[in-house]
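Work out the full structure: start from the sequences and follow the hints.
Chains as they are written, first to last, in the working numbering: chain A, 1 to 234; chain B, 235 to 560; chain C, 561 to 855.
Hints were generated in silico from the structure; no laboratory data involved.
Remember, it's a predicted structure, so these values are computed and weren't measured experimentally.
All residues carry an ideal CB built from backbone N, CA and C; glycine is no exception.
Some clues are possibly wrong.
[Said to hold, decoys possible] Listed below are the simulated SDA-like cross-link pairs for lysine to any residue, each with C-alpha atoms no more than 25 Å apart in a straight line:
hint, chain 1, residue 1, chain 2, residue 2
1, C, Lys-730, A, Ile-173
2, C, Lys-730, A, Phe-121
3, A, Lys-106, C, Pro-755
4, A, Lys-199, A, Ile-173
5, A, Lys-134, C, Leu-726
6, C, Lys-730, A, Asp-7
7, B, Lys-253, B, Phe-367
8, A, Lys-134, C, Glu-742
9, A, Lys-106, C, Phe-565
10, C, Lys-730, A, Lys-9
11, C, Lys-730, A, Asn-123
12, C, Lys-824, B, Phe-471
13, C, Lys-730, A, Leu-221
14, A, Lys-106, C, Gly-711
15, C, Lys-730, A, Ser-130
16, C, Lys-730, A, Glu-115
17, A, Lys-134, C, Leu-727
18, C, Lys-824, C, Phe-565
19, C, Lys-687, B, Ile-500
20, B, Lys-429, B, Leu-516
21, A, Lys-134, C, Pro-660
22, B, Lys-318, B, Leu-333
23, C, Lys-730, A, Glu-116
24, C, Lys-730, A, Arg-150
25, A, Lys-134, C, Ala-848
26, C, Lys-730, A, Ala-223
27, C, Lys-730, A, Pro-122
28, A, Lys-182, A, Asp-7
29, C, Lys-730, A, His-125
30, C, Lys-730, A, Lys-182
31, A, Lys-134, C, Lys-687
32, A, Lys-182, A, Leu-221
33, B, Lys-429, C, Leu-577
34, A, Lys-182, A, Arg-211
[Said to hold, decoys possible] Residues on chain C that point at chain A, a partial pick, calculated with CB under 10 Å:
hint, residue
35, Ala-735
36, Thr-745
37, Gly-751
[As the list claims (entries may be wrong)] Just the calculated beta-carbon pair ranges, DEER-fashion:
hint, chain 1, residue 1, chain 2, residue 2, range
38, A, Ala-108, C, Val-845, 48 to 58 Å
39, A, Asp-202, C, Arg-653, 38 to 48 Å
40, A, Tyr-15, B, Ser-440, 18 to 28 Å
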Amino acid sequence: MSDALLDIKALNAWYGESHVLHGVDLHIREGETVTLLGRNGAGKTTTLRAIMGILRRREGAIRLRGQDLLAMPLHQVAQAGLGYVPEERGIFASLSVEENLTLPPKVAEGGMSIEEIYRLFPNLHERRHSQGTKLSGGEQQMLAIARVLRTGARVILLDEPTEGLAPVIVQRIGDVLVALKKRGLTILLVEQNFRFARKVADRFYLMEDGRMVNSFPGSELDAHMEELHSVLGV
Amino acid sequence: MKVQSQPLERQAGIQIPVKALAAFALVGLLAAPFAVYPVLLMSVLCFALFACAFNLLIGYVGLLSFGHATFFGGAAYFTAHAVKVWGWDPLAGILLGALGAAALGLVVGFLAIRRQGIYFAMITLALGQMFAFICLQVPFTHGEDGIQGVPRGRLLRIIDLNEPLAMYYVTLAIFLFGFFAVWRIVNSPFGNILKAIRENERRAISLGYRVDRYKLGAFVMSAALAGLAGGTKAIVFQFATLTDVQWQMSGEVILMTLLGGIGTLIGPVVGAAFVIALQNYLASSDFPVTVLIGIIFVVCVLVFRRGIAGEVLEFLRQRKNRSLPS
Amino acid sequence: MSTIFGIPTPALYGQILIGLINGSFYALLSLGLAVIFGLLQVINFAHGAQYMLGAFAAYGLLNYAGIGYWPSLILAPLIVGAVAMVIERTMLRRLYGLDPLYGLLLTFGLALIFEGVFRYWFGTSGKPYAPPAQLTGALNLGFMFLPVYRGWVVIASLVICLGTWLLIEKTRLGAYLRAATENATLVQAFGVNVPRLLTLTYGLGAALAALAGVLAAPIYQVSPLMGTNLIIIVFAVVVVGGMGSILGAIVTGYVLGILEGLTKVFYPEASSIVIFVVMALVLLVRPAGLFGREA
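Here it is in structure tokens:
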């Protein structure tokens, strides 16, 4: 799809000898929020890691604004404008909250300033000198998202941001995502919780055993509910 | 260290005619002193045994001991003292050396095994240095001079070890005993548990094995065999000095094993032969041997990690795989 | 003359000073080792050789280029650091995916090469290196005479240790280093050129060792053997301190140096092994080291 901002075709990937992604196709247009659904082990996190380049052994095409990401060394992928919020959040224990926040270097103009971020996440401002890992799970998730917003990345990859969090925090994260959408950011969201995802997603992809099995716009979510239940096993 | 190590016979189905090769090697060893200077051969045998003892730890348990000279040199001192000052039979002296080394191994091993990997190596290095300092100061070692003029004596009152051939065959017998001991340890239930620990220590623990005890056991055995080599060396060369306990000696045995092939039975022997021959060749020139040893280390670590024996085995395995129907 | 525990006080203070100086070098060198180990997971056996190279660089700069002590304090670390960065880029980098013991063996081989080459060129005897004119002489402190250069070494090493600590704990570069020590892949995924950071860190560690070498040159004389025996003691210091923290490495270095000095006063025969004995005790009681993190 030529007007796709992020265009992935026939992506295959391996962990060592193990073939984990089989011919994955994915495309996202600018400003879209796309959600990748699937149960545990379906290959969702693997897909994000393959896009970022953390998983090195890949074949196929990964293009961002036409730029080939596959051949890039890992540290240049972020520079192309991708922001990554990993599943494990990746808050550094040997850094303070503010150091964690300012760690990822700026990759483009237009990122949120520190003041803006502290306004959006006041509790981060309160705890800014604390050790990063002293924050609660929800606060760490906010921090993981916030630091990517500072970099100016226009495409954000989010891996299960609501996992293990209390409903009120989940609500908060949903609000943040809506705000990001309004700013025109492009979001690839990996989730198991489709009820959360439907509030923000424009389109859905469904993954199983390392393969894309379906994709449909958000409006058709209810029509695919039965397939969803069987693939997600809920 | 995670390296391939299986007994020669069971390397992925390669049919190496081990028994034939062993017989051939034995004949060669028995005939060797008539072709090669016996003292050189005995030097190779002593260090080959030392390297085999070291390889037991690194190749099969995955522990890099950087202070193995403590056991080699310590035994040399014990044996030299027993034979020269107490007038013991050379065999008794050598056994005392091995036992003393085992005792040292118990102490060093007990302390070092409390950490793993890199820390284990550093601890053995530091303890080895400490032992070297002690050797420098303790009176019976005679400090910088060492114990000189150790008599060869008469083995069991019968064999006069001053005869070069007699000394050679006794040394050969000791080497073969030690080599066989290593082979036996590796191919035993105990050895299999050691290999399991090397592959996946957590799983071994979860299966209920007292991993520390096994590691310590292997360490003491390795120390004892290194001591056997050291005690023999004291009799063969008739002296024991500080050189035998210093970190350079520890480094040399690591090199011999790395070059020959970590985790292979024959590798340490090959490596020892190579290094001794090299040192012998360069002894007359003023070429800095240390530099060459350093270069060999660097080259081996970068591009030749399997060592000579390891590369040969890998080559044979590739050839076997290629000749199989696909 | 007054005495403490039967030792004349000038002698006691003199030994404590020597202990403090030795401790300064232990601290500087274990700091460099800790910095390199933290990020690269490599035990840099060549650290002692880099210390020796620093001293020789100062010696060479003085005797072949007429460049004195003060510029050498900057130039020697730069030269040795540059060489180290080349080593990291061409050799160490290939070993990162492997068992860390290979890194130890590689740096061990490099140490042998450096020591062997310099021993071949310069022999084993120490070459003299005079302290700069501004730092000669001694101060009369009343309870002892303090040689000015030795006082300078202690102060300089404290400043360097503090400076390194500040660099790592308070700067952005230090934040990259600390984060990459925890999770290098993630830091790279954020766009930080971690491979280049690794090269720089190894260079920095080597430069610290070289700086210590320049400081040492007027005290211990410049000899090809000056590094290797020292580095083994530093290994013991590092095991005692644990690799957990920069601060731990520094404190342990000074404390053990002073302890060694005191032992020399009261029980001289044990002074060369007291640090190893402490190491053995720490291993029995607290194997992770005094400041170590993992069990």
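Going through the hints against the structure:
As the CA atoms of C/Lys-730 and A/Ile-173 are separated by approximately 31 Å, the hinted pair breaks the 25 Å bound. With a C-alpha separation of about 24 Å, the suggested pairing of C/Lys-730 with A/Phe-121 holds against the 25 Å cut-off. A hinted pair counts as satisfied when its Cα atoms are at most 25 Å apart, and A/Lys-106 with C/Pro-755 qualifies at roughly 19 Å. Among the hinted pairs, A/Lys-199 with A/Ile-173 is consistent with the structure: their alpha-carbon atoms are about 11 Å apart, no more than 25 Å.
For the given pair, A/Lys-134 sits about 23 Å from C/Leu-726 by alpha-carbon distance, which is consistent with the 25 Å threshold. A distance of roughly 40 Å separates the Cα atoms of C/Lys-730 and A/Asp-7; the hinted pair therefore is violated under the 25 Å criterion. A C-alpha spacing of about 45 Å is found between B/Lys-253 and B/Phe-367, which places the hinted pair above 25 Å, so the restraint is violated. Of the supplied pair hints, the one linking A/Lys-134 and C/Glu-742 holds, its CA atoms being roughly 16 Å apart against a limit of 25 Å.
For the suggested pair A/Lys-106 and C/Phe-565, the alpha carbons sit about 63 Å apart, so the restraint of at most 25 Å is broken. Using a Cα cut-off of 25 Å, the hinted pair C/Lys-730 and A/Lys-9 is violated, with the two alpha carbons roughly 44 Å apart. Taking the CA atoms of C/Lys-730 and A/Asn-123, the gap is near 23 Å; set against the 25 Å cutoff, the hint holds. Only pairs whose Cα atoms come within 25 Å are accepted, and C/Lys-824 paired with B/Phe-471 is rejected, the gap being roughly 37 Å.
Restraint check for C/Lys-730 and A/Leu-221: the C-alpha separation of about 50 Å exceeds 25 Å, so the hint is violated. In summary, the hint linking A/Lys-106 to C/Gly-711 is not supported, as the alpha carbons are separated by about 45 Å, beyond the 25 Å threshold. A hinted pair counts as satisfied when its Cα atoms are at most 25 Å apart, and C/Lys-730 with A/Ser-130 qualifies at roughly 14 Å. About 21 Å separates the Cα atoms of C/Lys-730 and A/Glu-115, which keeps this hinted pair within 25 Å; it holds.
Under the criterion of a C-alpha separation no larger than 25 Å, the hint pairing A/Lys-134 with C/Leu-727 is consistent with the structure, at around 23 Å. Distance check on the hinted pair: C/Lys-824 and C/Phe-565 sit about 14 Å apart at the alpha-carbon level, within 25 Å; holds. For the proposed pair C/Lys-687 and B/Ile-500, the alpha carbon gap of about 45 Å is over 25 Å, so the pair is violated. Note on B/Lys-429 and B/Leu-516: the hinted pairing is violated, with a Cα-Cα distance of about 38 Å set against a maximum of 25 Å.
With a C-alpha separation of about 31 Å, the suggested pair A/Lys-134 and C/Pro-660 falls outside the 25 Å cut-off, and the hint is violated. The straight-line distance between the Cα atoms of B/Lys-318 and B/Leu-333 is roughly 18 Å, inside the 25 Å bound, and the hint therefore holds. Proximity of C/Lys-730 to A/Glu-116 is assessed by CA-CA distance (about 24 Å); at most 25 Å being required, the pair is judged to hold. Annotation: proposed proximity of C/Lys-730 to A/Arg-150 holds, straight-line Cα distance about 20 Å (limit 25 Å).
As the CA atoms of A/Lys-134 and C/Ala-848 are separated by approximately 23 Å, the hinted pair is consistent with the 25 Å bound. The hinted pair formed by C/Lys-730 and A/Ala-223 fails the criterion: a straight-line CA distance of about 55 Å is larger than 25 Å. Between the alpha carbons of C/Lys-730 and A/Pro-122 the distance comes to roughly 24 Å, so the proposed pair stays at or under 25 Å and holds. At most 25 Å may separate the alpha-carbon atoms for a hinted pair to count; A/Lys-182 and A/Asp-7 meet this at roughly 22 Å.
Taking the CA atoms of C/Lys-730 and A/His-125, the gap is about 19 Å. The hint holds against a cut of 25 Å. The suggested pairing of C/Lys-730 with A/Lys-182 is violated, with an alpha-carbon distance near 36 Å, which exceeds 25 Å. For the hint linking A/Lys-134 to C/Lys-687, the alpha-carbon distance of about 54 Å lies beyond 25 Å, and the restraint is violated. Distance hint between A/Lys-182 and A/Leu-221 is fulfilled; the C-alpha atoms sit about 22 Å from each other, no more than 25 Å.
For the suggested pair B/Lys-429 and C/Leu-577, the alpha carbons sit about 50 Å apart, so the restraint of at most 25 Å is broken. For the hint pairing A/Lys-182 with A/Arg-211, the CA-to-CA distance comes to about 31 Å; that exceeds 25 Å, so the pair is violated. Residue-level restraint check for C/Ala-735 holds (minimum Cβ-Cβ distance to chain A is 5 Å; threshold 10 Å). The beta carbon of C/Thr-745 comes within 6 Å of a beta carbon in chain A, closer than 10 Å, and the hint placing it at the interface holds.
Hint status for C/Gly-751 relative to chain A: holds, with the closest Cβ pair at about 3 Å, below 10 Å. Range check, A/Ala-108 to C/Val-845: about 53 Å between beta-carbon atoms, so the 48 to 58 Å window is met. For the hinted restraint 38 to 48 Å between A/Asp-202 and C/Arg-653, the CB-CB distance of approximately 44 Å keeps it satisfied. For the pair A/Tyr-15 and B/Ser-440, the supplied restraint of 18 to 28 Å holds, since their beta-carbon distance comes to about 24 Å.
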